[in-house]
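Line by line, the protein sequences are chains A and B.
With the numbering used here applied, the first sequence corresponds to residues 137 to 529, in that order.
With the numbering used here applied, the second sequence corresponds to residues 522 to 1118, in that order.
Away from chain A, derived, C-beta distances all over 12 Å, residues of chain B: (1) Q817; (2) R856; (3) L921; (4) I1062.
What follows is a set of in silico ranges between Cβ atoms, one per label pair, in the way DEER data are often shown: (5) A:L342 <-> B:R906: 54 to 60 Å; (6) B:L813 <-> A:F392: 32 to 38 Å; (7) B:L813 <-> A:L318: 51 to 57 Å; (8) A:L489 <-> B:G607: 39 to 45 Å; (9) A:L247 <-> B:L670: 53 to 59 Å; (10) B:G935 <-> A:L352: 54 to 60 Å; (11) A:F154 <-> B:S955: 41 to 47 Å; (12) A:L352 <-> B:D927: 49 to 55 Å; (13) B:T872 <-> A:V390: 52 to 58 Å.
These stretches of chain B come out as covered by chain A in the derived footprint (C-beta under 8 Å, 3 or more residues): (14) 756-765; (15) 776-788; (16) 799-811; (17) 982-995.
Honestly, the hints are just simulated from the structure, not real lab data.
Glycine included, every Cβ here is placed at the ideal spot set by N, Cα and C.
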Amino acid sequence: MLNLMLIFIARRLFYTLFILVILSLIAFWVMQLQPGDFITKHALQLSQETMAQLRQRYGLDQSGWVQYAKWIGGILTRGDFGMSFETQQPVFDHLFVNGNRFGWTVLLTGLTFLFSWLLALPLGIYLATSAYRGTGRWRWRTLIRAVARTARRFAHVFEQQPDARSCRARWQQRIQDTLALLGQLLGAGLRWLFVLLVNGLGIVGLSLPNFLTALLILWLLVAVFQVGANFGLGISGLFDVKYRTAPWNWDKFVNFLWHLWPVLLVVGLANIAQLIRYTRANLLDVLGEPFIQTARAKGLGERVVVYKHAVRNALNPLISLLGFWIPMMFEGLLIAAFVFQLPVVEFAYWRALATEDQYVVMTGLLFFGLVLTLGNLLSDVLLALANPKIRYE
Amino acid sequence: MKRLFCLSFGLLFALALSFAAFAQDGSLIPNPKVLSEDLFPDGIGTRGGSVVIDNVDNPRTFNPIIQFESSSDAVNAQLHAALLEGGFGSADALAEAFEVSDDGLSITLILREGLLFSDGEPLTVEDVLFTFNDVVFNPDVVSRKTLWLINDQLPTVSTQDERTVVVTTSVPAPLVILINLTVQEILPKHKLAQFVHALNPDVPAGTFNEAWNIGTAPEEIVGAGPFRLSDFVADQQVVLARNPFYWKIDPEGTQLPYLDQLILPVVSDDNVRLLRFINEETDIFGPAPEDLPVLQQRSADGIRLIVGTQAGTSGDNFFTFNQDAANPNLRQLFRDVRFRQAMSRALDRQTIIDIFRNGLAEARFGPGMGANFWFGVQDDLNFPRQDFNLDEAQTLLDALDLTDSDGDGIREFGDSYPNPGEPVEFELIVPEGSRVLISEADFWSQDLETLGIRANLNPTSFNTLVGRISGSRPAEYEAVRISIGGGGDPNFSADVYASRGPLHIYKFSDASGEGVPEYQQQLDELFARQAVTDGDERFQIVAEIQRLLAENVPLIWIANGVGLLSFREDRLGNFAGVSLDATVIASEILYRRDSAQ
Chain A
137 MLNLMLIFIA RRLFYTLFIL VILSLIAFWV MQLQPGDFIT KHALQLSQET
187 MAQLRQRYGL DQSGWVQYAK WIGGILTRGD FGMSFETQQP VFDHLFVNGN
237 RFGWTVLLTG LTFLFSWLLA LPLGIYLATS AYRGTGRWRW RTLIRAVART
287 ARRFAHVFEQ QPDARSCRAR WQQRIQDTLA LLGQLLGAGL RWLFVLLVNG
337 LGIVGLSLPN FLTALLILWL LVAVFQVGAN FGLGISGLFD VKYRTAPWNW
387 DKFVNFLWHL WPVLLVVGLA NIAQLIRYTR ANLLDVLGEP FIQTARAKGL
437 GERVVVYKHA VRNALNPLIS LLGFWIPMMF EGLLIAAFVF QLPVVEFAYW
487 RALATEDQYV VMTGLLFFGL VLTLGNLLSD VLLALANPKI RYE
Chain B
522 MKRLFCLSFG LLFALALSFA AFAQDGSLIP NPKVLSEDLF PDGIGTRGGS
572 VVIDNVDNPR TFNPIIQFES SSDAVNAQLH AALLEGGFGS ADALAEAFEV
622 SDDGLSITLI LREGLLFSDG EPLTVEDVLF TFNDVVFNPD VVSRKTLWLI
672 NDQLPTVSTQ DERTVVVTTS VPAPLVILIN LTVQEILPKH KLAQFVHALN
722 PDVPAGTFNE AWNIGTAPEE IVGAGPFRLS DFVADQQVVL ARNPFYWKID
772 PEGTQLPYLD QLILPVVSDD NVRLLRFINE ETDIFGPAPE DLPVLQQRSA
822 DGIRLIVGTQ AGTSGDNFFT FNQDAANPNL RQLFRDVRFR QAMSRALDRQ
872 TIIDIFRNGL AEARFGPGMG ANFWFGVQDD LNFPRQDFNL DEAQTLLDAL
922 DLTDSDGDGI REFGDSYPNP GEPVEFELIV PEGSRVLISE ADFWSQDLET
972 LGIRANLNPT SFNTLVGRIS GSRPAEYEAV RISIGGGGDP NFSADVYASR
1022 GPLHIYKFSD ASGEGVPEYQ QQLDELFARQ AVTDGDERFQ IVAEIQRLLA
1072 ENVPLIWIAN GVGLLSFRED RLGNFAGVSL DATVIASEIL YRRDSAQ
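All chains should be modelled from the sequences, with the hints used to inform the complete structure.
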């Protein structure tokens, strides 16, 4: 099986190259359709002669085919992704090396991914398996049954002939029953609130744009909690100003965590909401399958039935979604990057789009295309590992 | 005797060594510039501390010659110095003295003795010659050399001795040269010569355009400004540290600048910059009009809000019509001064200011800015103002053979036009990213509609818009709403109002010399004359320029915003202002009130 898997991976990587070339072609020509070029926006500052000089310098006076051929040839022969018109640096340095953009992108995306999945999966499983089926609505029948049960016990106690010893025992029983009922009520109430909160967060995460969520968080921190005046804490960026160029130490790490949590929340919230719903829906479907009934009939414990059999099957579709989820994480990071000023590849890419820094755009597109295809490959491999019935040929 | 000689020599050598050592740690030059006490509004400051001001974006380059964006200028303006400074080059800077020859053909400048760059290396006439002859005037370098063209020729920069530089022009233009000398940074030859092909044949021509990019190590970025580059982290911040060899001192002899550091974090979002200022993370903030209520509430927290009393030098904001429009009807109409006057009469500037700018602007009827010495003159003189008056606009349009013959509320072109019967409508392009600009254009178009003129609003991406108004000859637009930054001096406005100016967007065909209207010919002559005159004569020439422009309205000027600044008054002293791009003005005298000496 390992050989088959390796052949499969090699073949997919081979196809990836073709996909990326086609992607770059399409993107290059879409960019060419835009009126003007990188130099155009400087028309109000530069003379016609200077603009012509710049166009010649950047090769923008050549035909689109020549520009593309030179660029793709540079990548294939020298690993040269071209020059950023904006910063006069190699594109690779501009997009990935400056400010350690690639490192921060991978770190933040990875942390957001872990945060989303580690939070969403247990919540989705809980909502699917809880007594309230994750609907957030109180199961009145359950509560009425509990109250009726306790009332019957009280009535039964009063029907018996009292004597001194049995009287004390009966009161003990009443107190126990009352406490048990109160505990049930409290537990039910907390579960109800919890489900309401989770569902509410899910709705908020799906409904509110990331941009607005980010600004709301910052506004809360500044206007309501006054973190600057009260605690000397900053907002925006990955560190307070005094730590940005300081060497790593415990204080800097704590400050990093302070700046990290809003990013995880903003980028992860919508993803968490979707994941919870997917997990809950898939698990509910699986829990209704005949083989689950069989497992219960065999006498297996509920925990074994749910986690060993049901969850494992319910996760299969989610693994398939990994291929789309990873690039979605990258996309979500752009909005957060704009508000929180994160040093990530997406932000540099967005700026290149706005300024028509074409080789940066093309390289960025290749990068995101690679991420998508590798994400799909990863999900296929994981699916094969998770489900022995799947074989790739 | 021999012993005495050795002793003396040894002593002298030791003195020289100690001086060199002292110089490397930072020192004053023998003849520093002493700033006048008038320049210190809060008095003499104390050394120490940092000031934080958010920058809107990363600098794109540390090379001041090829920078085109404000985020780079915010940094580079602190790193370098010019030969002269002040209005019209009237104040000494790196040059301790200058003299204009009697015939106006040359300017002689004397460099200060003992000047040093921020790395301790000497700044000499060689660096001045390198800056002009090998960089600015170099055809391979993408510099703004067109600013230096006098009579289509570049000046000659030469040296007479080790401290004297002479700038010579073919025709007298001392004012232009002096103004340019205040903005031209002097660059270190010992750092940059390696990038110039003529001085280093190993590098290809044009390599200088890649020099000092943002990947350059900070210690390589050297200048004579108040600060030096200490650190740069992309998308995070730029840190500038005091230049230990700066050549200015305060009246008490303390070497400037006062601040240890100037920190410029990168924050792209306007709302986040405001929140950071309120959160006490930054010391200076340039607010928008809509931010004022929030800041006024916080005046008790030490925030001081400065609202300018006059409109600042924020350039020209206007509508204009392409008098070379492809549509022959519109081309004829736009070239008629009565139409342009009617359009100006249809613009309710005061309501626009009240609604869209919170009342914080001044209506403009010409290329004037209230705070500007030259152009503000129109406020004192009786110039024609095409002020808001719909009845007057109606009368003007009625006289143009434009009548609503079909009763649909929109006028049609009459028989005197190439294509009679067509409705009078045009496309009005506006930068799509600005809510205020779009709103103003929409507001104006509604008044035009009542006059029977239809303006079809078309929000357009900035790149596309710029391409359409200036990317080709003739330009490919009908009407546009745009702003063009100005330097305040009339000479910079020649780019727009002179026939051959690169920004003469309202009628590029004037450059051919054919069909140039009489007022435009007069303008060309006046702009040429004002560049070579000074004093009262120049004042009169500029007044005449303004009169012609106000009468013939090639542009429909709208309003200029008053300056808005906010800073933490409890923390900062001698705050002189900050430009819109976060460039701190007079950063050398800025100090922190809470810093220890």
